[in-house]
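Given next are the chains, with one letter for each unit.
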Amino acid sequence: EPEVTQTPSHQVTQMGQEVILRCVPISNHLYFYWYRQILGQKVEFLVSFYNNEISEKSEIFDDQFSVERPDGSNFTLKIRSTKLEDSAMYFCASSEIGVFTDTQYFGPGTRLTVL
Amino acid sequence: KNEVEQSPQNLTAQEGEFITINCSYSVGISALHWLQQHPGGGIVSLFMLSSGKKKHGRLIATINIQEKHSSLHITASHPRDSAVYICAVPNYGGSQGNLIFGKGTKLSVKP
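Protein chains in written order, with my numbering: chain A, 1 to 115; chain B, 1 to 111.
Some hints here could point you the wrong way.
[Claimed, not checked] Listed below are the simulated DSSO-like cross-link pairs for lysine-lysine, each with C-alpha atoms no more than 30 Å apart in a straight line: (1) 83/A to 103/B; (2) 54/B to 83/A; (3) 1/B to 78/A; (4) 110/B to 57/A; (5) 110/B to 53/B; (6) 103/B to 42/A; (7) 55/B to 42/A; (8) 42/A to 54/B.
Hint data in this document are derived by calculation from the structure and do not stem from the laboratory.
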C-alpha cells in the first residue's frame, strides 16, 4: 500500500540553525500538508500546498517557514532560524484532492529537537 | 474558526469492553475525520464521514450534523486498541483541507 515517507525521523539542531524536513507524498496525490505537534499538545495545521504554491497557511507559519516541491516527488519544510519553541513532531500529509471530504494520509513524522 | 472538543480526555477499559469517544464542534462542516495516533507518534486516518454511520471492523463512527457531534465506538476492545484517538474538522473558511484537531482521547485497554 502506498505511504507517505518522511526523513529524517529525528533531527537535533542548535538554536538559530536552518533545518529542512523532507517528505515524499503518495505519488498520485496533488495536495500536501505540514502539521506540527508540540509534545503533549494537539496537532496543529501549518500549511497546505497545491500546484506548486501555498494554498493556505496558519498563523504559526510565519516568515521563518517555507515549503517547496523541488522535484516531482519531494515536499520540503524549511525552518530558517530555529527557535527552542520549534521543537515538535512535524507531520507531512497528502491527499488526492484537497477538499474537506478527502482522506489525508500522514507520514510517520520527524521529531525536531532544538537545543 | 472551528472549535473541537473531545471527551473523555483519558479512558481506561478492560479488554472486551465497549468504548465510546465523543467529539463536538462549533461550526457546521461537510465532513469530520477520526484519526488514531499510536504510542510511537504515527497518525493513521480511521474514518472520514459526512453523515450517518461508518463501520470498519470493530470500529464504528457516527455523526449528527445538526447537533454538531460525532462518536467513535470500539466494540470488543483489545489492548492493541490502546492509542490516542483524535477528531478533526475543517477550519471553516479554509479551502484546502486545513484541519482543526481535538486534543485527543487517550485510550488504554487492559488485558
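Hints versus structure:
Of the pairs offered as hints, the one joining residue 83/A and residue 103/B holds, with about 24 Å between alpha carbons and a cut-off of 30 Å not exceeded. At roughly 42 Å between alpha-carbon atoms, residue 54/B and residue 83/A are farther apart than 30 Å, so this suggested pair is violated. Proximity of residue 1/B to residue 78/A is assessed by CA-CA distance (about 27 Å); at most 30 Å being required, the pair is judged to hold. The suggested pairing of residue 110/B with residue 57/A is violated, with an alpha-carbon distance near 41 Å, which exceeds 30 Å.
At most 30 Å may separate the alpha-carbon atoms for a hinted pair to count; residue 110/B and residue 53/B meet this at roughly 27 Å. A hinted pair counts as satisfied when its Cα atoms are at most 30 Å apart, and residue 103/B with residue 42/A qualifies at roughly 5 Å. Proposed proximity of residue 55/B and residue 42/A is supported: the alpha carbons are some 26 Å apart, at most 30 Å. At roughly 25 Å between alpha-carbon atoms, residue 42/A and residue 54/B fall within 30 Å of each other, so this suggested pair holds.
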